[in-house]
Amino acid sequence: MFVSYRWLARHVDLEGITPEQLGNDLTLSTCEVEGIEPFAPHLSAVTVGHVLERAPHPDADKLGVCKVDIGDGEPLQIVCGAPNVGPGQRVAVATIGTVLPGDVKIKKGKLRGVASNGMICSVRELDLGDEHDGIWVLPEPNGEPLAVGQPVGEALGMGDWVIEIDNKSLTHRPDLWGHRGIAREVAAIYERKLKPLDLSLPNLGGTPAFPVKVDDAACSRYLGLGIDGVQNGQSPDWMRQLLLAVGQRPIDLFVDLSNFVMLDLGQPNHAFDRTALDGGGIAVRKAKAGETMTTLDGIERDLETSDLLITSGDEPVALAGIMGGEESKVQGGTSKLLLECAAFDATTVRRTSSRLALRTDSSARFEKSLDPTLPEKAAAHFARLLSEIQPGVSFPMILSDEGSWTDPATAIHVRGDVVRRDLGVTLADDAIAAILDRLELHTTPKDGGYEVAIPSARATKDLTMERDLVEEVGRIHRYGSVPEAPLMGAVLPPAFDRRRAVVRALEDRLSGAARFHQVMGYSFQSDDLLAAVNGDKGDFVTARNPVAPEMAKIRREVLPSVLGLLESARRQRSEVMIFEVGKGYRPEEAGEDGLPREVHQLVVAIARAKVSGENGAFNEGAFFRMRAVIDDVVRAAGVTVPCWSPHENQLHAALHPVKQVMGQWTADGVPAGVMGDLDPEVRARLGLVGELDSDVAVAVLDIDALLGAPEAPRTYTPLPKFPSVKVDVACVAPDDLPASTLAQAITQAGKGSVADIELFDVFRGESLGEGKKSLAYHVVLQSANKTLTDKDAAKFLSRLERTLESTGAALRS
Amino acid sequence: MTDTDATLSDALARIATAPDADALRAIEREFVGKDGVVASMLGAIPTLPPAERKGAGQSANQLKQAVLAAIGERESALEGAALEDERKGEGFDASLPPPRIDRGSLHPVVQVTRELEDLFTSMGYLVLDGPEVELDHYNFEKLNIPADHPARDTQDTFYCDSPGSKATLLLRTHTSPVQVRAMERLEPPFRAVVPGKVFRQESTDASHEHTFHQMEGLVIDRNVSVGHLIGAMKTLLRGIFKKDIEVRLRPGYFPFVEPGFELDARCPFCTDGCSVCKKTTWIELLPCGLVHPNVLKAGGLDPEEWGGFAFGLGLSRLVMLRYGIDDVRHLLGGDLRFLEQF
Ligand SMILES: [Zn+2]
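First to last, the protein sequences are chains A and B.
So in numbering that gives the first Met the number 0, spot 748 of the first sequence is number 747, and the numbers just go up one at a time.
So in numbering that gives the first Met the number 0, spot 218 of the second sequence is number 217, and the numbers just go up one at a time.
This is chain A alone, in the form it adopts within the complex:
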């Protein structure tokens, strides 16, 4: 909302208060001031000129060649096409070099061969209105021609400041949506008096009231004031200037006056051409099913039965509190008006205006719950202003005033102790009362505190309980005057939070030693992405109003979010290692309060350029790197490493059907998660082909499962006292014998003395024969109570030879 400094000064003396200071004080006590700008700064750039003569242009009938005195020696020659320019006028002259609104720079020029040294401006060129059928003939505010050579803004006393207030900070203050309300705050802040304003209705005639029928509680008051003998035209300059200052383009007297009253008192109102209304009067009712109306902006609106209408002859003439109908537009020729000032239900107005996406100055005010006593004041204000401008107007009819409204004015009891406790200040009772009185919240001592009278303007929503008055005192006293205080009470370290500790450990290990980058993804997953990665096919929580239609799904799992990043990441790096810790939502499982269950997941991905030909050594693929990383990070998080084993079913539709494993702590226990290579088709759909062809492995861990798994705190094992023996073992085995069988055989043959087994070579070749492979291990034998010798190593080997027999493998000689 824009507030004009000069407008405010109509209501409260601003002597000695600069606009900046005013803005600052409003910010600290009342609402957020977003900016303070001088009004129409270009008015200081144009000069008052005196048109000395207008001669016809030799080559163009419509142009005139003017001599204009701008009080600066030789008069300027300016070629001007306006029909209304003539000698003796005071005009606004833009000289060479002046920049006008819209970044128009005035240049020296020739018009049809005649030199022109400036421009005589129209109202529109100065951004002061729409008139452009002639130049702006400057008014004579003091009854005499303006002094030549002054800046126009100064000469007309139009200097003003525009204060922009953040509407959000006025959400709870229906009383601040007009200049008088803001002025009331200013008066309280600076301890000044609000200037008196006569808001009593003028003398009304005795003609029967215009019939008004209110059929719906959503209109708690409908007030109609009949006005006769009006003549539409231009509104007075002072009004036009104030409207312009707050960004309201002057239109004509009827519209301007209506807007002025709204912006002055905060009460939207509407002037109907009374002759265009049905003689049967006005009826306020809800729309009928299927009813439509065309609003002032020319758009036909489909109505719903919750929309409130003003009707005449059962035809809608206005969408209550939002916008008038096109039919009822006041025509310039009318001399009879019906001024509507009403109180409409905030929720009704808000619902209709948001459904139709039709936000107006009027609806913005009604949806804040306006004071129902305001319509009468606004009608009076309109009538009195109109009488000043057109002394001949009359109000022949009895006021129509219908509706079941009640005055919301109330009283709230406030205790000094509570104010002091909540604010943390030492204000005395009478100082508290004084602040409330300044705000026109009048206090009377009662029950050791005060009974505070809440006027109707503050009582509709804003001030309803004692705490609300604590705020009133605090903001006028200023929060800057509240002394800072330390929190009291014992500070105990919070209980150990294992989830957070485990997550932190996983994150630390992954981002540290394992060198992965952590990503944080969106909770929305696009349909395209889900299709590409064969995402979980279960039900989704969906957003009703997604940012884009294909982005409605709230993720069930984190994996697609991570996979979706791989292609662009691989374009930048030949090796991509990323992880995300995040949540997914499962509608089919009930979580807390019946909400969809949240799954808490860690997803890790490795994608790296495929090496052409042989892909490095036997265990250097992404899958085995992932195995190593996951076991390491799980251990680092203090959780027992699960046992990873192959599974006959595809564990996740995005995983390779064979190159995949599932982790469990016990054979039939809860899965810790899955890992594996990416399914080749998914990989291709993600674009990881061609020059981006990648070896991709992913892992999905269920953090809740990790928290439920056996803990594995770090433990100490005494260092061996005796030297160990190292034995190299090469086994020849059938191609399909799992390496784990050989490792088990080695452990078994060691009879408890195998301290370490390391596979260092896998070899297939003709020398071994068809369908055979050779696996070579470094084995460390260690005893707790003696030094092992070559003899022990030999015994171990011969036991191993026997053990291997049952597996189909043999020691390689």
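The set of hints was computed from the structure by calculation and includes no laboratory data.
Here a beta-carbon is modelled for each residue, glycine too, at the ideal position from N, C-alpha and C.
Any given hint might turn out to be false.
Just the calculated beta-carbon pair ranges, DEER-fashion [unchecked claim]:
#, chain 1, residue 1, chain 2, residue 2, range
1, A, LYS61, B, CYS269, 54 to 62 angstroms
2, A, GLN743, B, GLU186, 52 to 60 angstroms
3, B, ARG237, A, ASP667, 50 to 58 angstroms
For lysine-lysine, the following BS3-like pairs were computed, each having C-alpha atoms within a straight-line distance of at most 30 angstroms [claimed, not checked]:
#, chain 1, residue 1, chain 2, residue 2
4, A, LYS658, A, LYS771
5, A, LYS582, A, LYS658
6, A, LYS212, A, LYS285
7, A, LYS772, A, LYS725
8, A, LYS720, A, LYS785
9, B, LYS278, A, LYS104
10, A, LYS771, A, LYS609
11, A, LYS167, B, LYS296
12, A, LYS772, A, LYS609
13, B, LYS233, A, LYS167
14, A, LYS107, A, LYS66
15, B, LYS296, A, LYS460
16, A, LYS167, B, LYS277
17, A, LYS192, A, LYS167
18, A, LYS167, B, LYS278
19, A, LYS750, A, LYS771
20, B, LYS165, A, LYS582
21, A, LYS167, A, LYS194
22, A, LYS192, A, LYS445
23, A, LYS109, A, LYS61
24, A, LYS536, A, LYS582
25, A, LYS772, A, LYS794
26, A, LYS61, A, LYS106
27, A, LYS167, A, LYS460
28, B, LYS296, A, LYS445
29, A, LYS790, A, LYS725
30, B, LYS277, A, LYS104
31, A, LYS104, A, LYS61
32, A, LYS750, A, LYS725
33, B, LYS165, A, LYS536
Knowing the structure of chain A, use the given hints to seat chain B with the ligand on it.
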């Protein structure tokens, strides 16, 4: 000159010019090895007349000692020369690039979140979590924002449907729902912070994002005042910016606090106006206020006995301020070139 003398001088000459340890080993084998010169001299002794035997033995031994000593000397000389050579550092170019060690990174939002969690836990705050898919009830109703409240318009809520659920669901628009959840679950007095993801339905640009992170703070105790709130916020800012920061509270409207404030901090990046503070020297940092009595009631607490304050810290904004990030969309965009910087 005897044969032995000649042998010795031959050996010494070769030792003196031996180029490396291997050459010395060869010479050693030739002279004092199992089948070497000295061995054959000793082997010939029984064939000598008895009177010469002793002398022959002695000179063989002397030869051996002399050869070994010379080899030892030459060896240390060679070693010394090798070290000297190494010291010359020939061909060394310190300006060659070191090998690349890719490192990982914690997400910057996580880094700042952790820093704040640690700061708050050191002051006795619990760190709580809450659902991202939330009930309208907790996100609005219990926070004193009933249906049709004008504040709902400014929240741009993602309302949700979930198969099988009849409740009104939404993606939480703030971390504040956890205020009431905490009151319902915990025995007062308590202090808690709630970091988390929040959502607003709005079109995105460099400074707007539909998904971002906040940290809610809540203190519930007896006799909590605006003064305590100011004290706590200053402590918080000291923790964030590592220096004392001037703050100001001004009225701000949030239905779940009363009185409600916007807390502005004196711009930590300038003294006379900069682009971060839009030339005002103040940065609007966090909304806060005393917990509204209606919210206390919704959380099952008696507002006559218990009070408290709450604040909402924009984590995403704080991360952007801290690192001077110019586009909020980088935070969740997953671009490696962004992540690698943290
Ligand atoms: Zn600054």
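- Item | Outcome for the supplied range 52 to 60 angstroms, where the beta carbon pair is GLN743 of chain A and GLU186 of chain B | 53 angstroms, holds
Item to complete: Could you grab the alpha-carbon distance between LYS192 of chain A and LYS445 of chain A and see if it respects the 30 angstroms cut-off?
Response: 27 angstroms, holds
- Item | Agreement of LYS296 of chain B and LYS445 of chain A with the hint, judged by alpha carbon distance not exceeding 30 angstroms | Holds. LYS296 of chain B to LYS445 of chain A sits at ~27 angstroms (cutoff 30 angstroms).
- request: Mind checking the alpha carbons of LYS582 of chain A and LYS658 of chain A for me, to see if they're no more than 30 angstroms apart?
  value: 26 angstroms, holds
Given hint LYS582 of chain A paired with LYS536 of chain A - CA-CA distance at most 30 angstroms:
With Cα atoms ~17 angstroms apart, LYS536 of chain A and LYS582 of chain A stay inside 30 angstroms; holds.
Given the range 50 to 58 angstroms, decide if the beta-carbon distance of ARG237 of chain B to ASP667 of chain A lies inside it. Roughly 54 angstroms apart at Cβ, these two residues keep to the hinted range, so it holds.
When you check the alpha-carbon spacing of LYS750 of chain A and LYS725 of chain A, does it fall within 30 angstroms? 15 angstroms, holds
Just to be careful, I want the Cα atoms of LYS750 of chain A and LYS771 of chain A compared with a cutoff of 30 angstroms; is the pair within it?
27 angstroms, holds
Take the C-alpha atoms of LYS658 of chain A and LYS771 of chain A, compute the straight-line distance between them, and say whether it is at most 30 angstroms.
At roughly 21 angstroms apart (the allowed maximum being 30 angstroms), LYS771 of chain A and LYS658 of chain A satisfy the hint.
Given pair status - LYS278 of chain B, LYS167 of chain A, alpha carbons within 30 angstroms:
With Cα atoms ~22 angstroms apart, LYS167 of chain A and LYS278 of chain B stay inside 30 angstroms; holds.
- LYS61 of chain A and CYS269 of chain B, beta-carbon distance inside 54 to 62 angstroms? The hinted range 54 to 62 angstroms holds for LYS61 of chain A and CYS269 of chain B, with Cβ atoms some 56 angstroms apart.
- Query: When you check the alpha-carbon spacing of LYS772 of chain A and LYS725 of chain A, does it fall within 30 angstroms?
  - Reply: 23 angstroms, holds
In the structure shown, no violation is registered for any of the earlier numbered hints.
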